[in-house]
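Chemist: Input sequences plus hints: build the corresponding full structure.
Protein sequences, first through last, are from chains A and B. Residue 50 in UniProt numbering sits at position 50 of the first sequence, with consecutive numbering throughout. Residue 25 in UniProt numbering sits at position 25 of the second sequence, with consecutive numbering throughout.
Wrong hints could be hidden among the right ones.
Under the rule of at most 27 Å between Cα atoms (straight-line distance), these lysine-lysine pairs were calculated in the DSSO-like manner [what the hints assert, rightly or not]:
id, chain 1, residue 1, chain 2, residue 2
1, B, Lys203, A, Lys143
2, B, Lys4, B, Lys113
3, A, Lys204, B, Lys143
4, A, Lys143, A, Lys22
5, A, Lys203, B, Lys143
6, B, Lys22, B, Lys4
7, B, Lys204, A, Lys143
No wet-lab data here; the hints were simulated from the structure. Owing to the predicted nature of the structure, the values given are computational and were not obtained by experimental measurement.
Number of protein chains: 2
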Amino acid sequence: MLGKVVIVGVGLIGGSFALALKGAGAARQVVGMGRSQEALARALELGIVDSVTQSAAEAMAGADLVLLAAPVAQTGPILAALLPYLEPGTVITDAGSTKSDVVASARAALGAKVSQFIPAHPIAGRESNGPDAALAGLYQGKKAVITPLPENAAGDVGLVAAAWRLCGAIVHTLTPEQHDRIFAAVSHLPHLLAFALVDDIAKKPHAGQLFQYAASGFRDFTRIAGSSPEMWRDISLANRDALLTELDAYLAQLTVLRGRLAAHDGPGIEAIYTNAQRARRAWSEAIESAEPAQPQIQEPE
Amino acid sequence: MLGKVVIVGVGLIGGSFALALKGAGAARQVVGMGRSQEALARALELGIVDSVTQSAAEAMAGADLVLLAAPVAQTGPILAALLPYLEPGTVITDAGSTKSDVVASARAALGAKVSQFIPAHPIAGRESNGPDAALAGLYQGKKAVITPLPENAAGDVGLVAAAWRLCGAIVHTLTPEQHDRIFAAVSHLPHLLAFALVDDIAKKPHAGQLFQYAASGFRDFTRIAGSSPEMWRDISLANRDALLTELDAYLAQLTVLRGRLAAHDGPGIEAIYTNAQRARRAWSEAIESAEPAQPQIQEPE
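Modeler: Spelled out as structure tokens, the structure:
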């Protein structure tokens, strides 16, 4: 049982975490904190939190667990604001889509007390945002990745893991660097590629005609280009190095494929397509056999 | 009312066309033709066709409409086999995913009688294939693109349009060149890009770990990489010039974006992402308001 839990940022991510813990009867008290009084009021109204405050002193007093669920760029300023009131027994964690930059901000803001900061990233989301989008079941069956620091105490890491398990998540552990490389490849790069394609098409003189004939293949491929441009700009910048590495590898791949196409190399093209199809189908089958039946929730991870 | 309709290739595309016409009571007689005796027997068994033959003479005698629904690479050989028995009143059409190459093959095979060939492309499909996959409603509400030749008689073009409308499709007209450029951009390139990404990831040493953390964004983006590698190799080669043009434009776009990422150009990155998101959402809303409620059928067009 967690005692006092503080949610900094009462939107989709923080709100769902709060609802899940409350639903599990796992928190004695949930306090909401954030910049928007309107969001805080709405979270209170919806029963997502028991009380709200914009005072760090009030929030941090006797806090057991603090979840940072605000844009990753705010990590440093938020931690700096909390630091004066950070008690020795309090564990702080986050939910940011990138980890190395968050860790660097945390080290800069907290100094030695970074030992109390357990970086994490729940892999879940929806296209909607704000407190009204929060769902108690958002994390059910989803992965939550913890990227512990060498300074973290095992018990504190365990507390964060336990909290995510109470939300129904399956906890995985990676280093911040592993996390950023993995998500650069399977999440950040695809988003960049989809945004790039749709912008490319939209800027063509006959764009209207192109969109007129775009069908379900295009729809699936570009769905993630409907995501928040600001959030993905931030993620792209935050994970820039890993993303550049992945993008460069992909550009090299496209150059090879371009060469085979230009050379009319059917077997060479087929080799790439076949390997991809086999891998995609194997992955798809593994996913389907592993996942329990879930509601249709998008994961802009 | 169509009299004798011949379907060359009794798989998903040809079979669904036959079922739709039969369902509309629009064909007096449907004859199946093809290379696989097994597929023909199955189509007969399923009631997709009224009779089957592997004799061009038998198939073409008194035929009103002939649909080529075989791989586009077989266009030339099939037309050459039909030519000796092609009667003046018969209209031949096709369903190929590319048009300029099909037109070239048809001109080479039929000579002056290319006037009787009306190139077309129904934009519909499913991940399954063969006669068992055929559905009478496959084309309901979908687009069918006709790319008439200068030599085609208006009445013959009208016959093909009417046939597709009887299947429930909405008929559009483009030149073969317009068709190939449009579908290079919104269909063929996305397939190439998805295959390239999945192959790239699958070849990495830590591919297993990457697939482990891939979630719904990756799933949507790479869904079309589960498509037939042979079919897409053929489409890529058949539409090579237009596809190279689109791929080169996209490579240029990625190079620009890479530069902005390397330069930490947040506003520059956001500009591309924002333009893409707006275009994607506008298109998505236009699609949703235009489409009638439809069964969930994939369209690997």
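Chemist: Work down the list of hints and note, for each, if the structure agrees.
Modeler: Hints, verified against the model:
| no. | hint | in the structure |
| --- | --- | --- |
| 1 | B:Lys203 <-> A:Lys143 | holds (24 Å) |
| 2 | B:Lys4 <-> B:Lys113 | holds (20 Å) |
| 3 | A:Lys204 <-> B:Lys143 | holds (22 Å) |
| 4 | A:Lys143 <-> A:Lys22 | holds (20 Å) |
| 5 | A:Lys203 <-> B:Lys143 | holds (24 Å) |
| 6 | B:Lys22 <-> B:Lys4 | holds (11 Å) |
| 7 | B:Lys204 <-> A:Lys143 | holds (22 Å) |
In this structure, none of the earlier numbered hints is contradicted; all agree with it.
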